[in-house]
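There are 2 protein chains.
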Amino acid sequence: MSLAIDAYVQSNEARFLEELKEFLRIPSISTLPEHNGDTRRAAEYAAEKLTAAGLENVEVIQTERHPLVYADWLHAPGMPTVLCYGHFDVQPPDPLELWISPPFEPTERDGNLYARGSADDKGQMYSHIKALEALRDVHGTLPLNIKVLLEGEEEVGGLSVAAYVEHNPEKLRADIALVSDTEMYEPGMPTLKVGLRGLLYMEIEAQGPSRDLHSGVYGGAAPNAVFGLIELLSKAKDADGHLQIPGIYETVDPPSAAEKTSWEQLPFDEAEYLASEVGSTSLTGEPGYSVFERTWARPTLEVHGIAGGFTGAGAKTVIPAKAVAKVSIRLVPRQDPAVVEAAVRQFVADNAPKGIRCEVRVLSSGPGLMVNTDHPAIRVAAKALSDVFGKPTVFTRSGGSIPIVGDFATHLGIPTILMGFGLPDDGLHSPNEKYNIRNYFDGIRTVAHFFEEYGKAS
Amino acid sequence: MSLAIDAYVQSNEARFLEELKEFLRIPSISTLPEHNGDTRRAAEYAAEKLTAAGLENVEVIQTERHPLVYADWLHAPGMPTVLCYGHFDVQPPDPLELWISPPFEPTERDGNLYARGSADDKGQMYSHIKALEALRDVHGTLPLNIKVLLEGEEEVGGLSVAAYVEHNPEKLRADIALVSDTEMYEPGMPTLKVGLRGLLYMEIEAQGPSRDLHSGVYGGAAPNAVFGLIELLSKAKDADGHLQIPGIYETVDPPSAAEKTSWEQLPFDEAEYLASEVGSTSLTGEPGYSVFERTWARPTLEVHGIAGGFTGAGAKTVIPAKAVAKVSIRLVPRQDPAVVEAAVRQFVADNAPKGIRCEVRVLSSGPGLMVNTDHPAIRVAAKALSDVFGKPTVFTRSGGSIPIVGDFATHLGIPTILMGFGLPDDGLHSPNEKYNIRNYFDGIRTVAHFFEEYGKAS
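Residue numbers (our numbering), protein chains in the order written: chain D, 1 to 458; chain P, 1 to 458.
The shape of chain D in the complex, shown without the other chains:
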């Protein structure tokens, strides 16, 4: 572990923070077409900083939607090649009125940097770039070969990067991928995620009458699209969170005994989790399963949003003609997204209420994955984390989805190291998203140390 790297990072903290703030001021909201120019600006910002860090062959690659960024440095023959991945697009910031400081004006409070994208994923992906800069400036060279692939569609399904990985396996050939887009189990506890849930994200639309009808005149005889959608969705899972879509649990494996044991040893206070993270009156989910099992190793269904009929101020007595919901199912390893999609379509066809026509549109789809924990890079990564944070690294899973990990496994045949520096209360996808500033700097150090040691280890 190089003290020179630590010294370099420490003496450049102020600049590193300013550069990240500049990156975060770009509202690169990939789902909103009016921000397409901003998403492109974020790509160009990242490309510029990769060039400044000494990377070569820097490209901003046009796609059908948002650009990709590629760069490499391949002057360490005989050394392994690491493919660094990150995304520069962010979630929409709404509801805006709940932000304490504006989402695209990064603001320091209590040791954190508040901004949309600070943790997910600009802050984390930028730490890779700064680690490469540090290594180049301290050693005049890099300890291994580096390829960098950044995308601007992670929050909208990542179709362009998936296609790019599929069609460019030679260009992207590497020994491992490194992704920093996850969180540590708790502050100060270095964490590697070795399992991920997949995601099947859909829109389900219900059509009742051909036009909105007056509920006084037609109430009692005409189907109501909003109520029809409510009826349909209410049947998709029971009050305990158990999915009611036939066949959906057929390929759901329990976690291994070793995993269950390790999860039981993780510090976890359910009352504290309920009060400070969830903030509701009680937790939900399948009885007989721990919170870790429910959120990491069980499929779940959520309705992310619903809209239909009159929702303005006051009263309007319509029977709505149309309603639409955004619905997703989180998948565990071995659940095939195509099989689950077919099961959902069958469920909707079988349960469409009387007089209601339903349509299912898939917006994105990706499988769950387990990462091989026996790979030497995992051991080196665990040591780099332990060295910087001064504690043993724990192995957990994530209930979230990182489809690119599946693409790397399928098309490049490589495992992905999920080395995340976020914290559980970072508020990803929520108002007041933040990134711990100490973790930002320690993340840069950890990534640099990982590269140094992985070069030596191989």
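The hints are simulated quantities; they were obtained by calculation from the structure and are not laboratory data.
Identical chains share a label here; the pair holds if one copy fits it or two copies do between them.
DSS-like mimics (lysine-lysine), calculated; alpha carbons at most 27 Å apart, straight line:
hint, residue 1, residue 2
1, Lys235, Lys322
2, Lys383, Lys456
3, Lys235, Lys354
4, Lys456, Lys171
5, Lys383, Lys260
Starting from the structure of chain D, add chain P where the hints point.
Okay, now just chain P, sitting in the frame of chain D:
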């Protein structure tokens, strides 16, 4: 029946239509505060036309929300007094993109006048004013005493007019009220409505976590406000439209045998009703009840709109913190709105899903009513309708709600004649609302004849 009135109306048709168009161009949408000025302009327009028709003591009365209009003509001692009621406010026009011609640019097509408010209720209420003008111009006087009370909050609960009626029984004292805000059973079939459903209109809000959460991280453990609201509402009625709120059917009377018989004789083609009016794949509602019973004589529950979570373009994987629905229950005579409200509150308290806090806010509330069919005014009204339209008048009920009829019964102790000239396909509260132009002129004639005959009959 005075031929002079018919001749007067005929020779003034073009002017009557132009005046109505001018009235309809005022976008007096009472639920939208940005249209408050328009709602006031509509009041002033009506007041001006009442003055021009010879009415006296014309007032635009300030209220806490939208103005009322009052006028009278009380120079027929010994003759009965009719209180004419109507409303000059309209529903919002959205969804705007479905209108063939702009909602506030009245357009003639196929013998109809298309505009928001054309049938509900500007066109109908304006026929009262033109009938009074015709009587005054033809006879130089009116055949009975007239009071006119118009409001601008009918579409938002009518609180101001309700308070005004309650506090001014002496000023408003009359023998009967006349309301034209209903439809004829079918084109050319004169109709008096003798029963009305009431309405309890509520917002139900669900709160899950304290903020939107990432569904990957928390899915399986955190309550989802949208799904919680779906679960709750799905329990409020079954797939057959039978309400599941305990106690709600306790005071629901079946229609009388005579009513049931007369309804069975009304021309009705269920397949045609489904295809051309409802426009869905099948009708819904309680098995064993006819469409007339289901829409006129049974309580029903509708969700008018629902909103929560992310509903923009694309995908956002939140577990939403909040969701809200607009929900109403149509009430039949003898159902006490306060008792039903208490039953709903109890139902929500008993069925709030785990981790979900629910709040019920009542936006408006009014009972269902039966109108006394033995009153001489009903017989005179039926005759005036039959004379003008050349067919026997039928007696029906309405599934809709006219709370003012309850206020007139409670505070003035008078029955209301519901003499409507709308048609079933007028598209009230929907895009492309229209009013049949022939019915507009015939409505003016009918109201004038009714006044003439009711004066003589008493």
